[in-house]
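Protein chains: 2
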Amino acid sequence: MIYPQWRQQLVRSLHVHRSKPEAKYFQAANVTSNGIPKVRTMVFRGFAENTSALLAVTDSRSEKVSEWRSSLKSELHWYFVKSREQYRILCDVTVVCQDNDEALEIVGEGYAQTKEMKQLYSQQWQHLSKRARSGFFCPPPKSAIDYQQNSEDEDAGQFSSDETTSEQTISQHFALLIFAPYQVDYLDLKTSPHTRILYSLRNQHWQSKSVNP
Amino acid sequence: MIYPQWRQQLVRSLHVHRSKPEAKYFQAANVTSNGIPKVRTMVFRGFAENTSALLAVTDSRSEKVSEWRSSLKSELHWYFVKSREQYRILCDVTVVCQDNDEALEIVGEGYAQTKEMKQLYSQQWQHLSKRARSGFFCPPPKSAIDYQQNSEDEDAGQFSSDETTSEQTISQHFALLIFAPYQVDYLDLKTSPHTRILYSLRNQHWQSKSVNP
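As they're listed, the protein sequences go chains A and B. Mapping of the first sequence onto our numbering: residues 1 to 213, in sequence order. Mapping of the second sequence onto our numbering: residues 1 to 213, in sequence order.
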């Protein structure tokens, strides 16, 4: 398996920063149906096996999921402090979640290996910490806080019960995001002049070009 | 002058991280005319005096400037490592640059104090380091590298000449960006459960609401 140069470089940057947990945090930008730009930090969950597709997980009730349903594009962004490198990775997004009947729903065609989707989906659930799993059984993101309910939850210890944190019972709100890159803008601020390389995927081959920063 | 709570909190977060130069780096997202999301790191250059508008500078030949000309919206993003806080600041963008006759051109109406624009523009140029100023006299961002030209430049030491780094001679490629916020999404990951507060500007007043994370 020969990976594109930018992916090898990204793996190197992650390795150099392995002592910093925040090196696994990237930013994902998207566009709302009204054409408004959005961006937030997400946790990098590795590459889909033997590919350059990047993985993340989220709550299917979060705004970004409905926004991606209307426009399946994302630019991912990393800035590495020690090595002073920036990666901007333009991607087609695939959302894997559950429909109302708790069957697997796949939104998007950016990632071709649809056969292994179910396995990838449960694997990613199993890789989560108990604490992260319990988050998917909490009230919906951005919903109004019900203070009475919250104090009852605390009494009952709801969010740490075995049921909600089991590796087997996947929350119906669990969503896997697969980002399939097709354009990468790499910037190295350590060199003088700065190094900037543009990569683009054409006919399944990655091409690169050095440009002025 | 009473500032909105999110701005006071942001100033505090910047102060807590003042030993880290990268704390001044934020991400700015925008949308291209084709509806593609974009995001990159920029350097925070402070607030416009007595306002909550955020400042940044860039090269007017960069892609983001022409993209903002077609859609004057941006979401700015900060993630602070030590305090585990995320800010997402949705803004109207004003681009201040020079037209072909080197007169000041103002694109966008998000920032009302247009009188002081000229002063703000030259101030920001003067605040740049010599090195940063010289960048505006370099070949356009993303242009093909002319290796012959580059070696001649090195011989002549072009990019450190006094002319190109003077405080007085503002490069015709220098652009000031003014981000006028109208919606802020604040997330504090240190608390349990996480704290999320939404702020929005209505009739010139900021309102806030605590929601589930």
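Wrong hints could be hidden among the right ones.
Note that identical chains are pooled: a pair holds if it fits in a single copy or bridges any two copies.
Unchecked claim - Calculated cross-link-like contacts (lysine to any residue; reagent style SDA-like; alpha-carbon spacing at most 20 Å):
hint	residue 1	residue 2
1	Lys-115	Pro-141
2	Lys-190	Ser-129
3	Lys-118	Gly-46
4	Lys-190	Pro-141
5	Lys-24	Lys-130
6	Lys-115	Glu-105
7	Lys-190	Val-43
8	Lys-209	Leu-198
9	Lys-20	Lys-209
10	Lys-82	His-17
Hint data in this document are derived by calculation from the structure and do not stem from the laboratory.
Tell me, in ascending order, the numbers of any earlier hints that this structure violates. Numbers 1 and 9, in rising order.
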